Amino acid sequence: MSGRHDSRTAALTVLAVVLPLALLVLALNVGAYRIPPKAVFTTIVGAVFPGAPEAGPSPYADILFRIRLPRLLLALFAGAALAVSGASLQALFRNPLVFEFSLGISHGAAFGAALSLVFLGRSVPPQAAAFVFALVAVLLVVAIAGRSPSQVVTVLLSGVIVSALFQALLSMVEVFADPYALQSLVFWLMGSLGQATWGDLAVTLPVIGAGVAVLVLMRWRLNVLSLGEDEARSLGVDTRRDKVLVIALAALITAAATAVMGVVSWIGLIVPHLVRLAVGADNRKVVPLSAGFGASLLLLADTIARGAAPFEIPVGILTSIVGIPFFIVLLKRSGRVWQ
Amino acid sequence: MRALVAAALLLAGAAAHGQDRAAVTVVDSLGRTVPVPGRVDRIISLEPEITRILVALGAGERLVGIDYFLRHHDHLFPLVFPKGSSLPLVSNQAQELAVEEAVRLRPDIVFSSPSEFRLAESIERKLDVPVVALASMGRFDGLLGEIRTLGRIVGREERAAALIAYFEETLRSVGRDSPSGRPAESRPSVYLAFWGSLVRTPVSYDPVVAAGGRNSASGLLPDHLGAPGATIPLEKLLVWDPDVILVQGNYPPEDRRVSVGSVLRDPRLASLRAVRSGRVHYTFGYWYWWDPALVLVETVYLSRLLRPGGGPGFDLAAEGDAVFEEFYGVEGAFSALCRILACHEWKTR
Amino acid sequence: MKVRVEGLAFSYGAFTLRIPRLTFAEGRVTALVGPNGAGKSTLLKCLASVVPTARGAVLVDGRDLAGLAGRDRARLVGYVPQEPSLTFNFSVLDFVLTGRAAFIPVFSSPARPDVEAALEALRFVGLDGFGDRPVLELSSGERRLVLIARTLAQQPTVLLLDEPTSFLDPRHETEVMELVKRLAADMGKTIVVSLHALDMALKFADDMVFLKGGALVAAGTPDEVLDEALLRAVYDVAMDIRNVDGKRVIVR
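Chains as they are written, first to last, in the working numbering: chain W, 1 to 339; chain L, 1 to 349; chain F, 1 to 252.
Since the hints were made in silico from the structure, they are not lab data. A quick note: this is a predicted structure, and the numbers were derived from the prediction, not measured. It is possible that part of the hints are untrue.
Stated by the list, open to error - Some chain F residues close to chain W (C-beta under 7 Å, calculated; not the full set):
1) Ala-48
2) Arg-71
3) Ala-74
4) Tyr-79
5) Asp-94
Glycine is no exception: its CB is placed at the ideal position from the N, C-alpha and C atoms.
Let's have the full structure, built from the sequences with the hints guiding it.
Pasting the structure below:
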């Protein structure tokens, strides 16, 4: 019994590392510009070993390293960020239906980033304001939900209220934005990875990397926190400090992702759930595996969005199409399991 | 001389104005058949392109309300119709009609944009006045048809016909010395970076065609039904590798999200033919609407730019001012616009 | 270690718990008894510092719990709630491991000694081999034992148990109470257990504390304090105490 479970966990752990890398290689070969796989290979080899024989014609290197790679890396990091923040928040709030989107964090971050983009311009990284308002959003949800943050409906309802508030504030930003700034804002808000440049990633990737790493280190502590505040405290945990830490980290990595790609939802719900179905509830497994599979899922979704049509389908639309039915099924089932 | 003609036309219009004519029926850009009363004295226009054509037709005096964009973000309109700046505003940023204000203004007709499908119907129901939705969508036949339709609605058929004839004659003269007669493959391919984005481009843009170029994005599906443009993956631009890249320059330098300089400096685009040969230029372009005079000047400008060996090293001020005088009866409007848009820098950047 | 309560006061709504002075002895089981609303659970939670006391002090071996970091307090005092509060269906071993939180820094996970402590605790409560079973699929008797095992993994010297036998059938009731008794007798723990069932208290407790309406009524060994007058005063109902084969039993 135990052996079979362990071997499955081991297999999934290998998959969680190999799958994102395999998808990365695959996705490097997908795009409007046809580059033969062999040329992809020689171009990469040429870039890694500058002494190697001359790579293909020059647009290959530009396309691979300046257009595709930043986008793919953003997809990987953002997918990991959303899945890990979802898994962490579910444990902390003891509520399997909360995640950055249902807690209003995504829309808080989007509002902050929009505010920054419209009124502070491109010279100020939008991640900062996104983080501040992501935190404001989750604190508002906690305040509205009061002392019953593990009650599924209360928190979902508070999240809806806070999300609606920030969407309304976002509309206010749109009203005050001049039409030229508005154009770029609207496209960004739909959730697209296509705009990623190395300049954006210079802030976002390190922030996500560090935030995800710390949450992965806290993975076992999340088991204890998921028992509830009273119980965790009686077990000797400084619940106030840990709670602040988890919320801040989840808001930070969500904001860093949202600030460059807009609102991409549902990854934080789908991935931790599927991982739990496969390996059980232990966050020592759930959190790191969610990182690997979240990265894979968003990269896969974006590659489909890129490869399927001659024009851009915002990946946020794709994840919503998959995520919403998933959410409905979970909500239906929760009625039987959690009440 | 032209000013005199324009003044005479204005007088003729004033004479016709106020007389009852038979009601007319028009078909708008949404395919709606709209009966319009014979007498149209009070006009609300929510669509800047229509507002400008109305002014060019000499019906500017009958405007009783204009839209938000024209008041707050348009640099050209105050130059060609200074009185417009005192007209009441009847829409907000999102082109939504301020219904109570519109009712107060007792319009005989409301013009709207066809890009919001339900807008025309809903205004018609709310105000109980005919609503006509018109737009050129980046096409000359659309623009000329619009001028003709508006001429019929305001009873200025002759002025409309004169503007259309002038427009077509100018296009013909452009065609004579531009390479549009040459086979398609020898025409320069042109990519248009519009709407403040490197990857948003109009799927149909007649000035490029008339000036002898090929629009790289021609034939793409628009983002959604009724949209003038498509959003492309950046890689597509490298696939097309156009001869020329045109960046929208129709707003002041500080509002430009994409500039000629930013395209030339973008490392992702360094391998493009247009970037390497320095053939990245501004053009006027259009927001979601045209100015009928400016698009004609733009076509002349592009025909020079796309000519073999052509570049922005020429002065357009005199020709541009003449076109604007023909349309709006004011002097020096194009030169004044160029000062706002810093056109003199277009040659060097 | 001895636990001493001094001048404790705790209010929750209209209810106030006041314990001027009370001592729990090492190596003995002390039962908190009294009618519903007497303050048994509240006193336990105050002792465990699950709720902050408004006034007064809980001293373990002379050290005030309020002055200790959570980590240090948890190594002294373990609290066993009535039911595991689980949203996620952990395995028994993962659940018992959470008892090691006081020994594991925030950015670390359990190491081998922690797993061994957890397995040892499971063995002690008789749940050897249950490690991989999901907690929510256990019987309620087994769940009580798992909760006690977790607190054993925490290795405190003082164990506070909140109604560990409620809703259990007689066999499991006895099993749990015998285990509690062993903790005190064999391991020298200080045990405080709130009990609804007077007969259980009489059978297993070394000392009894009678509470009513948030006030301390009597405390001492059953022989010292238990008589019919006290029972009537605390429960407002007449009960007889009979001697059966040398043991006292309560008859209603």
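Verification of the supplied hints:
Interface hint status for Ala-48(F): upheld, as the beta-carbon distance to the closest one in chain W is roughly 5 Å, under 7 Å. The interface hint given for Arg-71(F) holds, since its Cβ lies 5 Å from the closest Cβ of chain W, which is under the 7 Å cut-off. Nearest Cβ of chain W to the Cβ of Ala-74(F): about 3 Å, under the 7 Å cut. The hint holds. The beta carbon of Tyr-79(F) comes within 4 Å of a beta carbon in chain W, closer than 7 Å, and the hint placing it at the interface holds.
Given hint, Asp-94(F) at the interface with chain W, holds; its Cβ is 5 Å from that chain's nearest Cβ, closer than 7 Å.
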